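Colleague: Work out the full structure: start from the sequences and follow the hints.
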Amino acid sequence: ACGDANTDDTGNTESGSDTTDEDQSADSADSLEFTMGHMNSPEHVQDSMAMTPFAEEVSEKTEGRVNFEIYPGGALGGPAETYDNIVTGGMDAGWGLQGYNSGKWEIHTAMHLPFLANGSAADLSVVAQELYNQFPEIQEEYDETKLLWAHAADPYAIITNGTPVESFEDVKGLKLRTPSDEAGDMIEAWGATPVSLPAPEIYDAMQKGVIDGGVLPVAALADFNIFDVVDYVTLGKFNTSLFYVMMNQDKWDQIPAEDQEIIEGMIGKPMAETAGEAFDQQREDAYNQAQEDGIEFIELEDAELQKFKDASEVVTENWLENMESQGVDGQAILDKTKELIEEKQ
Amino acid sequence: MNSSQKEVEEQNRTPRTESPGTSSFFSKMERTIYLLNNITHGVAMTVLFLMMCLTTVDVLGRYFFSTPITGAFEVTGLGLAILVFFSLGMTQLKGDHISIDFLTSKFPKKVQEVLNIFTSLAVLIIVLFTSWQLVEYAKRLTGQTSGELPLPLSIFAILAAVGVLFFALTIMLSMLNSVMKVVQKDES
Amino acid sequence: MSPELIGMLGIALLLVLIILNVSVGLSLLIVGFLGISLINSLDVALAQLGTAAFETANDYSLSVIPLFILMGMFMSNTGLGHDLFNAVDKWIGHLRGGLAIATVGASSIFAAISGSTNATTATLARIAIPEMDKYNYKSTLSTSSVAAGGTLGILIPPSVILIIYGALTQEPIGPLLIAGLIPGILLALIFMVTINIQIRLKPDIAPRSQEVVSLKEKLSSLKSVWAFLVIFALSIGGIYFGIFTPTEAGAIGAMGSFLVTLVTRRLTWKRLVDSLDDTLRLSVMIFLILIGAAVFGRLLALSRIPMEMTAYVGSMDVSPFVVLGLILLVYFILGMFMEGIAIMVLTLPIVYPLIEQLGFDGLWFGVIIVMVLNIGVLTPPLGLSIYIISGVVKDVPIERIFKGVVPIILVMVAFTILLIIFPEIVTYLPNLSQT
Ligand code: NA
Ligand code: NA
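Just so you know, the protein sequences line up as chains A, B and C, in that order. Its first residue numbered 43, the first sequence is counted upward by one per residue in our numbering. Its first residue numbered 435, the second sequence is counted upward by one per residue in our numbering. Its first residue numbered 581, the third sequence is counted upward by one per residue in our numbering.
You may find that some hints are simply not true.
Some chain A residues close to chain B (C-beta under 8 angstroms, calculated; not the full set) [claimed, not checked]:
hint, residue
1, 85
2, 126
3, 129
4, 145
5, 203
6, 217
7, 223
8, 226
9, 238
With a cut-off of at most 30 angstroms between alpha-carbon atoms, the simulated DSBU-like pairs for lysine-lysine come out as follows [claimed, not checked]:
hint, chain 1, residue 1, chain 2, residue 2
10, C, 974, B, 573
11, C, 974, B, 540
12, B, 462, C, 850
13, B, 544, C, 974
14, C, 983, B, 543
15, C, 803, C, 670
16, C, 670, B, 528
17, C, 983, B, 540
18, C, 850, B, 543
19, C, 714, B, 528
20, C, 803, B, 528
21, B, 615, C, 974
No lab work stands behind these hints: they were computed from the structure. Fair warning: this is a prediction, and the values are worked out from it, not measured in the lab. Positions of the beta carbon are idealized from the N, C-alpha and C atoms, including for glycine.
Modeller: Here's what the structure looks like:
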């Protein structure tokens, strides 16, 4: 990223983190430098196809006044603490999963509910962002930070090694890595055991037999380079997961109004769609690679799939009950989510 | 946890030449600090033993009966946090935190004590900050749960803060010990 | 001040604090805190103290450390470890340094399969070093043989750090893991030879057993070690065959030792309490350093020193081998101050494309970099293996332990050079399996 060891010294700690990397503008006192962290490898599509292009576009459109420097690999904080680090400023901005902070985004995680994920990652991502835009109660869940964009992944499948899941019976007793609370409840409702595990640990856990597999998007095969340890992929659009890219509120407030406006024009739905498309592209590549590697793709028969659906009902019911207890009209949000996803088809 | 052994240690640590008033106050405080850390250390031992049992049962259940324990991983992780923070103080009291004294051990005794006052003060501040910040983290964690089991994370962060606070007390004790030794030598 | 300058001053302050007898973990924490407050702000640095401390400790995969240590404590506090070394002595005590060589072998196997250098070093230090003491081995030899064996764990598969290298670079993980096998085994043998040579040069560091042992005695010495062998085979075999995780293996091993010593009446209430107590204090000592290292590592990330150093070397217009040498030198230096995985995360985005551009094999480089980072656990100021051993053997000054591993470090450097000259040592097996 940088060949120049002589970093400019702004000497001004008030103007945010001055971890300058290269001279973006003639007058560096005007330029803002922000760190943007994520837990994945620098090769991850959300880095290469969403965050990095975003960072470049922001620098360009603000003529070097606002810059994001990306720190991959959890260098500024691991999966569980990413959100807290953004809130407190340990990283100025960052990418993560809502599912890693159970109980934090209970309303928005309507997106996690079973068998809603009927569409591409791009479709689902736009819906995720749209829900945020439409429901003030969802916006409230993000009031500690500035949400830049929310997005979703391509529909999740059951990925296993050793045991193929060809029927509802097959899934019973498997230890499956879960991406979120709701998915965990779903896995439990199937009679399998959910295991919470950060995604970067999946390879090791599958190889050592800690888990039999996981409920994961097909793109994850490539994201986490786990082709080696996967034998079977059972397709079924079981669910999806929510992701965020957000920014520390104070750091956002430091950006001058006119530059904020420029950035506001880029974030939200367009970036959500870009992020979704990145996953769709990755899904495509992962699918092809998996075919080459001899990973078997299993399509469930309708009757079997229905058993999964029936068993999973309870998760949606619980979610609705939970919403009701909090005085939130969960049904309205759920209906809207379904409607928005329908519209995309 | 061996009480007679503990008493010997306490006696070794207690300076003997202060005025009776300070001495009794100091030894009372010292005893309290030992007691608090003994309690948390005892809890940590229990947690460690239970972690061993839980994990064994989980493995056996999974392997022989296909019924692993839901949430075994996260409970183990949280158990680890408890035992780390609850035993920091006892580890300090028994002098087991690693430090390198090959240079300072060559200093005159009094210089060592004065140095210990200053370094302990710096360490005390950072440890108190950490305890305070664990409370702040606990506040930020309010409403968040561990995942498979709805264990409230903030409680664990508060417990961690308590453990670190007791750790801070042991550092304060070491600092006061040095202060008293320096003062005592001044008087002689 | 620029972030780089703050980072450099931080490293200097760290050395000062450590040399002034401040505990290593808290020195790292203090410097990390001060540095982050200068680069970022006081509020950010404060928040890091709470978050990093809690999240470092609340980590399932690290619970392998106390559980393996507990297994070792049960074995050593109840005399199982003693029986084992007694048996080893009966069988190979007549060899020069037989016990030290056996220790290297045992800790290589243990580390290789548990995947945790820390857990292995702590466990084996506790079991092996007191026993070697009894046979009048010099402490430099006994401690360095444990330290050496522990480092092999991340070369011999399964290796978490090679998996992370694969995830960071998209190198295929299967072949990467296989690539570590021959170098790992070779290095274990070289360590054993090194120990033998050391003893030949200075025979008094490891006295030879004088007594003549009959075969009958040899066989009967095995009687009391069967329990150890069963527990060892169970926990290690369990990981190897994918029945359980390293953490679970630790728990099973600890439970096995607990039950065996309970049934054979070796375990008293006091020994149980002592084992739990010893385990906690050793584990917590390690965790305080891990917590400090997490905060300090974040300071180094923000200072951009690792990225700037590697980028600077990469921009130099010299021959590929000089660039490679300098990169490895940078890794060696970073390894003194930082934990291996953190270094890879910060530098590989710069270094990996460069290595490919220079025409080196990415898979081969993964093994090389792991070799070099591995040396870091033996070097001050952040040399966790040494600190762990020092936590077990209280009566040996830490600088003596550091001195003892110098030959081991030299061997590792020489071996790395050997791998550079003969890359086939690394690439032979993976190539074989790919074609
Ligand atoms: Na290994
Ligand atoms: Na080191």
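Colleague: Determine for every hint whether it applies to the structure shown.
Modeller: Hints versus structure:
no.	hint	verdict
1	85	violated, 27 angstroms
2	126	holds, 6 angstroms
3	129	holds, 7 angstroms
4	145	holds, 5 angstroms
5	203	violated, 16 angstroms
6	217	holds, 6 angstroms
7	223	holds, 7 angstroms
8	226	holds, 5 angstroms
9	238	holds, 4 angstroms
10	974/C to 573/B	violated, 40 angstroms
11	974/C to 540/B	holds, 18 angstroms
12	462/B to 850/C	holds, 27 angstroms
13	544/B to 974/C	holds, 24 angstroms
14	983/C to 543/B	holds, 26 angstroms
15	803/C to 670/C	holds, 12 angstroms
16	670/C to 528/B	violated, 37 angstroms
17	983/C to 540/B	holds, 19 angstroms
18	850/C to 543/B	violated, 36 angstroms
19	714/C to 528/B	holds, 25 angstroms
20	803/C to 528/B	violated, 37 angstroms
21	615/B to 974/C	holds, 25 angstroms
Checked against the numbered hints above, the structure violates hints 1, 5, 10, 16, 18, 20; every other hint is satisfied.
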